[in-house]
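Sequences and hints are given; from them, build the entire structure.
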Amino acid sequence: MNPAFPHRQTAHCESGVIANLLTYHGLPLSEAMAFGIGGGLFFGYLPFIRINGLPLTTFRTTPGGIFNRVTKRLGIGVTSSTFKDQSRAMAELDLLLRMGIPVGMQTGVYWLPYFPPALRFHFNAHNLIAYGKEGDNYLISDPVIGEPVVCAAADLVRARFAQGALAPKGKMYCITAVPKNIDLAPAIREGIREVCRVMVSVPFPLIGTWGIRYLANQVERWPARLGEKRAILYLGNLIRMQEEIGTGGAGFRFIFAAFLQESAAVLGNSNFLEMSQRMTGIGDVWREFALAGARHCKGRAEQSGDFTDLARILRRCAELENGFFRELSSLVRKP
Amino acid sequence: MLKTEVPQDKELFGDQREVCYAVDENGRYVLAESSGWEPANVANSQAWDVIRSEVEAVLAKIRAGELSPLAYYMARNQMDAKLLAGYAGLFCWQVRRHLKPGPFRSLKPSQVARYATIFKTTPEEITRIPDVFEISDVQS
Numbered sequence: 001m002n003p004a005f006p007h008r009q010t011a012h013c014e015s016g017v018i019a020n021l022l023t024y025h026g027l028p029l030s031e032a033m034a035f036g037i038g039g040g041l042f043f044g045y046l047p048f049i050r051i052n053g054l055p056l057t058t059f060r061t062t063p064g065g066i067f068n069r070v071t072k073r074l075g076i077g078v079t080s081s082t083f084k085d086q087s088r089a090m091a092e093l094d095l096l097l098r099m100g101i102p103v104g105m106q107t108g109v110y111w112l113p114y115f116p117p118a119l120r121f122h123f124n125a126h127n128l129i130a131y132g133k134e135g136d137n138y139l140i141s142d143p144v145i146g147e148p149v150v151c152a153a154a155d156l157v158r159a160r161f162a163q164g165a166l167a168p169k170g171k172m173y174c175i176t177a178v179p180k181n182i183d184l185a186p187a188i189r190e191g192i193r194e195v196c197r198v199m200v201s202v203p204f205p206l207i208g209t210w211g212i213r214y215l216a217n218q219v220e221r222w223p224a225r226l227g228e229k230r231a232i233l234y235l236g237n238l239i240r241m242q243e244e245i246g247t248g249g250a251g252f253r254f255i256f257a258a259f260l261q262e263s264a265a266v267l268g269n270s271n272f273l274e275m276s277q278r279m280t281g282i283g284d285v286w287r288e289f290a291l292a293g294a295r296h297c298k299g300r301a302e303q304s305g306d307f308t309d310l311a312r313i314l315r316r317c318a319e320l321e322n323g324f325f326r327e328l329s330s331l332v333r334k335p
Numbered sequence: 001m002l003k004t005e006v007p008q009d010k011e012l013f014g015d016q017r018e019v020c021y022a023v024d025e026n027g028r029y030v031l032a033e034s035s036g037w038e039p040a041n042v043a044n045s046q047a048w049d050v051i052r053s054e055v056e057a058v059l060a061k062i063r064a065g066e067l068s069p070l071a072y073y074m075a076r077n078q079m080d081a082k083l084l085a086g087y088a089g090l091f092c093w094q095v096r097r098h099l100k101p102g103p104f105r106s107l108k109p110s111q112v113a114r115y116a117t118i119f120k121t122t123p124e125e126i127t128r129i130p131d132v133f134e135i136s137d138v139q140s
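So the sequence lines, in the order shown, correspond to chains P and X. For the first sequence, position 113 (counting from the first letter as 1) is numbered 113 according to our numbering, and the numbering increases by one without interruption. For the second sequence, position 42 (counting from the first letter as 1) is numbered 42 according to our numbering, and the numbering increases by one without interruption.
All clues stand as given, with none of them false.
Mimicking SDA-like on lysine to any residue, the simulated pairs with C-alpha atoms at most 20 Å apart in a straight line are:
#	chain 1	residue 1	chain 2	residue 2
1	X	Lys120	P	Gly164
2	X	Lys82	P	Arg120
3	P	Lys298	P	Ala311
4	X	Lys3	P	Glu262
5	X	Lys10	P	Met241
6	X	Lys82	P	Phe121
7	X	Lys120	P	Asn137
8	X	Lys120	P	Ala152
9	P	Lys84	P	Lys169
10	X	Lys3	X	Ser35
11	P	Lys169	X	Ile118
12	X	Lys82	P	Gly164
13	P	Lys229	X	Glu54
14	P	Lys298	X	Leu12
15	P	Lys298	X	Ser45
16	X	Lys10	P	Pro116
17	P	Lys84	X	Gly86
18	X	Lys10	P	Arg120
19	P	Lys334	P	Gly268
20	P	Lys72	P	Ile182
21	X	Lys120	P	Arg120
22	X	Lys82	P	Gly53
23	P	Lys169	X	Leu90
24	P	Lys84	P	Ala154
Everything labelled a hint here was simulated from the structure, so no lab data went into it.
See below:
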């Protein structure tokens with residue numbers, strides 16, 4: 001009824017949930033490893049998708065993508081279901097918990113009572129694990145929160161049936177089978193290959209390193225096109241996407257570097273160590289962008305040419321990542 | 001980012017911390033606790049400023065008799081008519097109608113109660129014009 005669950009706080013919710021679930025089921029996996037195998041790194045600037053009227057910039061793959069790919073690449077059995085009926089969704093959850101199975105869920109963050117108030121926005125692609133129930137309260141392991149928490153049933157229902165974009169519709173999932181003797185190496189290579197592909201080889205101007213360059217051009221034009229006030233809103237939104245909770249710093253670049261470092265040991269190839277260091281350096285440039293951007297948001301920037309400077313930093317990111325992913329893909333090319 | 005450089009600019013998380021990835025003195029990646037980072041704090045408080053000014057604009061319109069009190073609860077819960085319609089199980093046009101003072105006054109008590117449940121408040125509260133507003137109300 002109330003099993004001990006190996007809660008670990010992680011930077012990102014989705015990779016954290018899967019790493020913690022797999023660790024519980026006897027396959028110790030780090031968050032960074034889950035993130036990398038799931039091909040979590042991405043860049044996309046999608047101005048036609050608006051969130052609160054601001055263009056969407058994303059540094060990660062689509063929600064659910066990491067989970068699907070990790071389980072597929074490691075041959076792990078999962079079941080997942082969504083619901084129309086709220087009471088049925090809770091009854092099924094209770095059933096699994098009674099059997100002692102921890103359950104992952106997609107939720108919104110707005111209604112979660114334990115979430116830091118300043119971070120409560122209508123964002124619906126959060127992931128957490130329920131591992132037990134006491135009376136009317138659920139025992140929750142939320143990977144971005146330091147300790148396991150307790151959540152009342154009424155609040156959890158709200159979070160599971162949050163409305164709006166990416167509505168979770170009560171989605172829950174659990175692991176049914178973990179094969180013995182898993183070889184991480186092929187899964188790692190596949191994860192890296194995929195990230196390289198989306199970052200440099202997809203001929204679409206809004207994603208990958210092309211997308212970063214496109215964004216740089218847009219940033220440069222924001223003040224003239226939108227006026228200073230709105231340009232600053234756009235910029236602040238961009239920084240939030242890059243740095244606010246769950247990215248591990250620098251829009252997931254540091255998690256990915258940690259993954260490459262771990263992979264070097266698994267694959268026995270020191271080239272990946274060097275690549276990891278380079279990725280860390282690229283992450284530092286992204287942080288530089290956030291720092292300069294935030295200074296501008298606060299109105300500390302003097303000259304009006306500042307958006308050009310910001311664009312210059314972004315172009316440097318694009319250029320560095322372009323070279324980086326081309327080289328990385330040559331390391332994992334199929335023989 | 002070096003482990004020694006992990007920022008500790010407390011603001012967003014209260015007493016909670018987030019973890020981020022940083023490099024220790026041996027060049028190995030470790031998980032490091034951070035209480036926040038100034039640029040992220042700046043961007044976040046900017047987002048709240050937008051919400052606050054929206055709520056204030058709505059309040060002024062309610063006092064001028066252009067909007068119903070429902071608009072206040074909608075704004076402070078960061079919703080638009082479409083999102084609220086999703087929660088209420090109504091059509092968007094119905095919610096938009098209820099944002100007008102007249103149609104809102106003639107709502108059935110059961111519908112008012114439904115809105116009150118969504119916003120975790122009481123039917124009495126939701127029909128009253130709120131007099132003061134603090135951003136900390138929204139962030140609680």
